[in-house]
Amino acid sequence: MEETLRLPDYRDLSPELSERFRTIAERETILEIRDLRKDFVGPKGAAAMPPVLGGVSFEVKRREFICIIGASGCGKSTLLRILGGLEPRSGGEVLMNGKVVAGPGADRGMVFQEYTLFPWLTVKQNVMFGPRMSGRGRDASEAEALQWLDMVGLTERANAWPHQLSGGMKQRVAIARSLANYPAILLMDEPFGALDAQTRSQMQRHLLQIWKNVDVTVLFVTHDLDEAILLADRIVVLGARPGRILEVIKVPVDRPRHAGQSLSPHFLAAKKRLEQLIHPDDPEGDKDLPLIRMTRVGDDAEA
Amino acid sequence: MRAEPPRESIPTPPGPGPREGGRRREKPPTYPGSAFQVRKPLGRRANAWLALGAFLLPLLAWCAVSYLPFVWHPMVTVSDPGSVDYFQKGMQVERHEFREENRKAVAEGRPQASGTRENPVYLPAPHLVAKALVTAFRTPPQRAGDPWLHESLGHSIRIIVLGFLLSAVFGVPLGLICGSFALASRLSEPFVDFIRYMPAPVFGALCVAILGIDDAPKVAIIFIGTFFQMVLVVANTTRGLPPALLEAAQTLGAKRRQLVMNVVLPGVLPLIYRDMRILLGWAWTYLIVAELIGASSGISFFIYQQAKYRNYDNVYAAIILIGLIGLLTDLALKGLGRKFFPWEKEA
Chain F
1 MEETLRLPDY RDLSPELSER FRTIAERETI LEIRDLRKDF VGPKGAAAMP
51 PVLGGVSFEV KRREFICIIG ASGCGKSTLL RILGGLEPRS GGEVLMNGKV
101 VAGPGADRGM VFQEYTLFPW LTVKQNVMFG PRMSGRGRDA SEAEALQWLD
151 MVGLTERANA WPHQLSGGMK QRVAIARSLA NYPAILLMDE PFGALDAQTR
201 SQMQRHLLQI WKNVDVTVLF VTHDLDEAIL LADRIVVLGA RPGRILEVIK
251 VPVDRPRHAG QSLSPHFLAA KKRLEQLIHP DDPEGDKDLP LIRMTRVGDD
301 AEA
Chain C
1 MRAEPPRESI PTPPGPGPRE GGRRREKPPT YPGSAFQVRK PLGRRANAWL
51 ALGAFLLPLL AWCAVSYLPF VWHPMVTVSD PGSVDYFQKG MQVERHEFRE
101 ENRKAVAEGR PQASGTRENP VYLPAPHLVA KALVTAFRTP PQRAGDPWLH
151 ESLGHSIRII VLGFLLSAVF GVPLGLICGS FALASRLSEP FVDFIRYMPA
201 PVFGALCVAI LGIDDAPKVA IIFIGTFFQM VLVVANTTRG LPPALLEAAQ
251 TLGAKRRQLV MNVVLPGVLP LIYRDMRILL GWAWTYLIVA ELIGASSGIS
301 FFIYQQAKYR NYDNVYAAII LIGLIGLLTD LALKGLGRKF FPWEKEA
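Which chain is which? The protein sequence lines are F and C, in order.
Counting along the first sequence from 1, when you hit position 50 you're at 50 in my numbering, and nothing is skipped either side.
Counting along the second sequence from 1, when you hit position 342 you're at 342 in my numbering, and nothing is skipped either side.
Careful, some of the hints might be misleading.
Examples of chain C residues toward chain F, derived with CB under 8 Å [unchecked claim]:
id : residue
1  : Thr251
2  : Gly253
3  : Ala254
It is worth saying that the hints were derived from the structure and are not from the lab.
Where is the CB? At the ideal position from N, CA and C, for every residue including glycine.
With the rest of the complex left out, here is chain C (with noise of 0.2 Å):
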């Protein structure tokens, strides 16, 4: 009845074979063009250099706006004002306006100011960006009541951590009886789906009022954003769950509790930990909100504190060290789920 395309008897593992013992390994044909083909996988090494060069190309782009002033560098830096009035030494120009002005002093026979193409305070040279990330840790607080970098980064991920864990705690339940049983599912996806469409900032007052000014409204507008979006993922990946597995563990013997228990459960986990690792990246997007409201805390506070007193370069800093945050706890919860679910195939 069901005609489905006959299988391999065994199944072929995905990408090139076993390595061979010995150091020859056996090159893999290729054929013209065969960086392109449609959803063909390409080989580890291949895969291991690409990803450097996803790095490398943003950095080669921003070193050539940086280090080759004929590519943008759209100011002077005025290194001798000449004799325009109102030029200062050090004060930044636009070119075409620094080329007036000499232009005028030319044609009246004034000395002409002299300056250096350089690019907006705001886009800082990579190498100064990188000094600002070895020394942001060791560089005091400008104000002498301000948090240091790694305080103010170790309040803000306190912040995702309890925001985060608290939804997990209520969502992934609520998430998984409503992926489960249609009465749960239609009793609350519909009142959750409206909220969902609030953005969680517009609550910042609110949470204020309720909650007072310190770390709790902060806490709970990670929860509102992250905790509606979770109940509503975690109930289409489980709904997602093949029914003939239920069906199969139901010929079993299985009863509703142990279907739930030692089906669902086991059966979506995976995919959970997956839906989980995507939505820690919304945390991070709630917390700039949540750590402007009531008293500003954190790291986007730094930020915003840096940006006052126009060390871009800090700033930059301290956006990349959110990014590598992200990054390398992406990394070490991918490697912890090959962990807890070994049976997970290679992706």
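Chain F with its partners taken away, still in its complex shape (with noise of 0.2 Å):
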């Protein structure tokens, strides 16, 4: 009755991922994470819970994309939260081009999930942010704006207030806001969470594109497989309770990547891996529901 395809191992690469996985191997590393820890702090302090870092590790290396995934309550999102130095780590160090974060700073730029732009600025004036705090003149910031705007396709849009553009249209002014800054390093929290499917895989695309032309490194939370597969070079999966590295896999997709591989053998491979390290086997969830009966006899919608 059922087709089960037989997969690939998720470890093979292919001949040319390799060598790019040696390469990237070679390259400095840009931010190195050691003993990371974050403990719960409730209301009645620390002891009590499970802290929600528990010793996370690992480097990033320049021109890298990352993609770290775990189901809720991981700690995903606190573990970038303190990389961009908005909040304090319990222990453990973040190293960023070999110096230690303390507090947020432009050579980490952010994107949100949730829309971020400053409302009582236009598109342009909202991407000029950047240079304009860090002291260069109105002229320059412009010039930088209007390139930026350029690069993810809204210069015509570039005197509209942000509340006249659509979900998708803020997130890649607020990409552009956060590259007009040059940051060595790009931090994601699930940017597209709120997009419906379709402006959802548009932007992952403009995203990849971005990547390609821009001298950035990104680390990208998201908590869909496909996402991370589609964009990431490596995946860190992340277990609950406590947030703890279970898994970083090299994804073994060739580059350029596009939507129409999501169904090959090798993607399909990692996706099975990823489901098995995020959803292990949970009896609890694979139970029935207790219902009862309550259509006619005959009247099935499972025929």
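Fit chain to chain and form the complex, with the hints in mind.
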């Protein structure tokens, strides 16, 4: 009745990919995370609950695209916020280009899931914000902003107010706004999570194009397995309570990526592995609901 | 992690769609009882009619009470005292008293008094108040030294503007600082909260003792009445700024000073402006107290004087004038607000 595809091992890499991972490994390390811990601070203090992050370590190489994935409550957003300097860590080290991270800074751009464009600034002025804060003149900032708006294809909307844009456009402006600072790394916290499926896949394509054309490293948090496989070089899989790394997967799908690959054997193999890691066999989850039949006999939905 | 419902990719404007070019406009479908849908907006025309109705209904009620004798009219104005010895021509007596006296007169075979039913003198008819509104500015004051109505009004407005500007100049920055920095908030807000609960009028005597009897204590009362509220309201509004905006600004390299000047300030300014519009209404409330301390003055003094002379039509005219000034100021400020803050979505 059911046919199961024979999938390759998710660790099988094509020669090109092996070569790619080898060159990536030779690049300089941009971000180094060593034994990062974050304790749960609840109303009754830290002690009782397991830590949000219990010792997370990994390295990010220059111009790598890394996705962080995990079930809800695994601390992936917290991890990203600590890297961005928005939340203090309870232990461990975060080194950005060899320097300890203490607070937010323009070298780590962030794009959030919620829309964070400044409503009182036009699209162009939003993108100018970073350069203006670092003391660039108005004209230089404006030229800079227009260039980045061009890159995300929103030149025509330069003088619109943020509330006049669609969700996808808002996130494109947010990406342009971050990139206008020339950050070494772009930290993205489920940036497409609030978008509908079609806009979302369009945004994924955009992001890959931008990443290809700009010297930037991306750390991308998501809970969407397909999104992670489509975008990432490596996927860091986090487990919950305490948040820890279950596995770092080298995505076995060739570049350049496109949506059509989502049915390729290597894609499916990677996805299957991710599913195993994130949703390990859960006897509770597979049980049927204790329902009484409330339809007429013979009136079957799944005949 | 954060589950949010998927949003539409293109925001749809609230209310009816853009008007079509020609004369024909699609009428939106109506459902039975659609005027009373929970939290559903009405059309633009309906809103305008209802706003008109909001004023017409009370006016109609007033007209009914004034011009339809059977609705209320509890008094009788005596036109002929007849045989009732204490009745005088033009005197108002209560209806049951009038009837009682006439009943006695009939019983004793004396001539009855006659008169017309009227409302009490403190409720003049709309047309009298309307006339007073028109003539008030042209009528010289009863006593030579008293101010004209426009002088009284001008004086009141001067006091309000002075007092309110003074509290805004200090209150808004302090509120912004309290809303931005926990240290400032913890240090000042408990005390401000403590004073806020003292009714401003209780400071009246003190203000006169310290500042003399002229305008200074009146301005001070307005200041006391609005300043402390303002600090708390502005601080709360400031704290309502979405933290995500601050975080985004920080990751874009904004430092502390830049955060306050380039994010907090522009982010909350439209909301503070709205708060100011509400607080300006409070200032009028305190005005009435302020004008009765020290040397009485202004519109409230005018109202008290007119009430003393039993010119109730003038009293109503003055009260309506205050309402009109308030309404027009607010409409003007609302319009200006749209100019100042073009990014604000239509509420």
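- Message: I'd like to know which numbered hints this structure contradicts. Please list them from smallest to largest.
- Response: Per hint list: zero violations.
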